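2 protein chains.
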Amino acid sequence: MRNITADNITDAVLARFAGCDNPRLKEVMGALVRHTHDFIREVKLTEAEWLAGIQFLTQTGLKCTGQRQEFILLSDTLGVSMLVTAMNNQYPAGATEATVFGPFHTEVMPLAESGADIGGDAPGEPLFVNAQINGLGGEPVANAEVDIWQADDDGLYDVQRPELGDTRRARARMHTDAQGNLKFRTVVPTPYPVPTDGPVGAMLVATGRHPWRPAHLHFRIRAQGYSTLITHIFRAPDPYLDSDAVFGVRSSLIGEFVEHPAGTAPDGSRLERRHFTLDQQVVLAPA
Amino acid sequence: MRNITADNITDAVLARFAGCDNPRLKEVMGALVRHTHDFIREVKLTEAEWLAGIQFLTQTGLKCTGQRQEFILLSDTLGVSMLVTAMNNQYPAGATEATVFGPFHTEVMPLAESGADIGGDAPGEPLFVNAQINGLGGEPVANAEVDIWQADDDGLYDVQRPELGDTRRARARMHTDAQGNLKFRTVVPTPYPVPTDGPVGAMLVATGRHPWRPAHLHFRIRAQGYSTLITHIFRAPDPYLDSDAVFGVRSSLIGEFVEHPAGTAPDGSRLERRHFTLDQQVVLAPA
Numbered sequence: 040m041r042n043i044t045a046d047n048i049t050d051a052v053l054a055r056f057a058g059c060d061n062p063r064l065k066e067v068m069g070a071l072v073r074h075t076h077d078f079i080r081e082v083k084l085t086e087a088e089w090l091a092g093i094q095f096l097t098q099t100g101l102k103c104t105g106q107r108q109e110f111i112l113l114s115d116t117l118g119v120s121m122l123v124t125a126m127n128n129q130y131p132a133g134a135t136e137a138t139v140f141g142p143f144h145t146e147v148m149p150l151a152e153s154g155a156d157i158g159g160d161a162p163g164e165p166l167f168v169n170a171q172i173n174g175l176g177g178e179p180v181a182n183a184e185v186d187i188w189q190a191d192d193d194g195l196y197d198v199q200r201p202e203l204g205d206t207r208r209a210r211a212r213m214h215t216d217a218q219g220n221l222k223f224r225t226v227v228p229t230p231y232p233v234p235t236d237g238p239v240g241a242m243l244v245a246t247g248r249h250p251w252r253p254a255h256l257h258f259r260i261r262a263q264g265y266s267t268l269i270t271h272i273f274r275a276p277d278p279y280l281d282s283d284a285v286f287g288v289r290s291s292l293i294g295e296f297v298e299h300p301a302g303t304a305p306d307g308s309r310l311e312r313r314h315f316t317l318d319q320q321v322v323l324a325p326a
Numbered sequence: 040m041r042n043i044t045a046d047n048i049t050d051a052v053l054a055r056f057a058g059c060d061n062p063r064l065k066e067v068m069g070a071l072v073r074h075t076h077d078f079i080r081e082v083k084l085t086e087a088e089w090l091a092g093i094q095f096l097t098q099t100g101l102k103c104t105g106q107r108q109e110f111i112l113l114s115d116t117l118g119v120s121m122l123v124t125a126m127n128n129q130y131p132a133g134a135t136e137a138t139v140f141g142p143f144h145t146e147v148m149p150l151a152e153s154g155a156d157i158g159g160d161a162p163g164e165p166l167f168v169n170a171q172i173n174g175l176g177g178e179p180v181a182n183a184e185v186d187i188w189q190a191d192d193d194g195l196y197d198v199q200r201p202e203l204g205d206t207r208r209a210r211a212r213m214h215t216d217a218q219g220n221l222k223f224r225t226v227v228p229t230p231y232p233v234p235t236d237g238p239v240g241a242m243l244v245a246t247g248r249h250p251w252r253p254a255h256l257h258f259r260i261r262a263q264g265y266s267t268l269i270t271h272i273f274r275a276p277d278p279y280l281d282s283d284a285v286f287g288v289r290s291s292l293i294g295e296f297v298e299h300p301a302g303t304a305p306d307g308s309r310l311e312r313r314h315f316t317l318d319q320q321v322v323l324a325p326a
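Quick note, the sequences are listed as chains L and G, same order.
Residues 40 to 326 in my numbering are what the first sequence spells out, letter by letter.
Residues 40 to 326 in my numbering are what the second sequence spells out, letter by letter.
Please note that a few of the clues may not be correct.
[Unchecked claim] Some chain L residues close to chain G (C-beta under 10 Å, calculated; not the full set):
#1 Met40
#2 Ala45
#3 Thr49
#4 Val67
#5 Leu71
#6 His76
#7 Gln98
#8 Thr99
#9 Gly100
#10 Val119
#11 Ala134
#12 Asp192
#13 Leu195
#14 Val198
#15 Gln199
#16 Val297
Think of the hints as simulated: they come from the structure by calculation, not from any bench.
Since we're looking at a predicted model, the values are computed, not measured.
From the three backbone atoms N, C-alpha and C, an ideal C-beta is built for every residue, glycine too.
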């Protein structure tokens, strides 16, 4: 086909996918082309804007490393991640809700035993978490693999601190016991801005958006026979619960962080400063 | 806003751009969000597909260097580049049509005088180009800056050959003389596949598309008082004129490559092999 115009190019591109023998890929690519072309036509994208878009995408890709995922951050800040999460994780009533994965999970996690202090030397007030993981019928989920990751009191994840090298902290992979229980010590999470030193941060600044997320702990829970749950536990009060930069807050995911004065901690140790406890019930949907 | 659902998230994201004080940026970002969300809803994108998309974009970004622009290649192969080109370059009748820019232009170009052999030692049959650049009223365009770049007989641009290092060939920046004329020797372009060693190549393979482009020379022509023209001159016959991988062929841009037997070339030199000539009229639209 020659002499393609702005009016018939979409059909010309779609026709080019006619030979695709993977029906789902053909469907997704076709829809991607149609919606992308519609976007360009609607805004009458100029060549300078097209080039700015090319440069934005390129810089976003070049910002990615094994420990920094700028495209996930872009997806998060445009509500794409939460949309995909919401569409794909509609669990039965009673099951713990899912929320966004975020860009800071690492597939390799330090293993820890129940009761461990996973915070290491991360700055922050002590937090003792007692999590109980059950199925919808109330049955305990034994030997569930639980990944935990979080920012510290400075609002930074371990992978955002070059000075830590390969050292990981406030991050662990643990397993529930036979009663579906899991305990760990860590630090109290605080609100933090998503990374603003890359193209996505520049987009937030240029569009007048704040980069803050309300304080939270991340969890990914995998267990035989159950749906994998990727979620957060948020802390209240928090100034950003209603304007999370990545649209992830669910009322049902706000945990009860209880303050305690200096004294004996849940693990029997003596603390000279105040500390917090969080008793959290998590309910997994069946696979 | 809390408890955002797949149904109301688009409005929630749009509301977040309310404070953007650049109206055009606000319009473009809003439309981008709406069309992206519509795409995801239409195909019911799964989390695994979302992650595959994140990985595809990341790899596309990481493939980019100063001499390789994989995002432009993606834009080209999805018809986005040609759509933007067609929308933004609707010239009056009589002006030479525009086509896609492609990923192989370099802003730094070797300068050459009219009459030069810009092909260097690039493999290929000799081609003598005599280009006449006029305005719509027939007036010659003196001192126009003309960038020329092309693939060689192996179907490769200089920047695709690591063995060349920083040496450039079959690529030049020249200027028209007082009569709007420009002559150069180069090599005859041949059809070539767009680069298939990256994520875009993998997409073409996975969707059953061929990566070929019909043979062409690239031109970018800039002159005071005229619209900048980015175009190709194609050669016929060519098996890919009707299935250009990047949708760029226009009938009006097919040039007359005339074959000549061994003998005296247009520049007065004696050639022991056949060679080609191309006399090409180019008409620039006013700025």
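In rising order, the numbers of the hints this structure does not comply with: 11, 12, 13, 14, 15, 16
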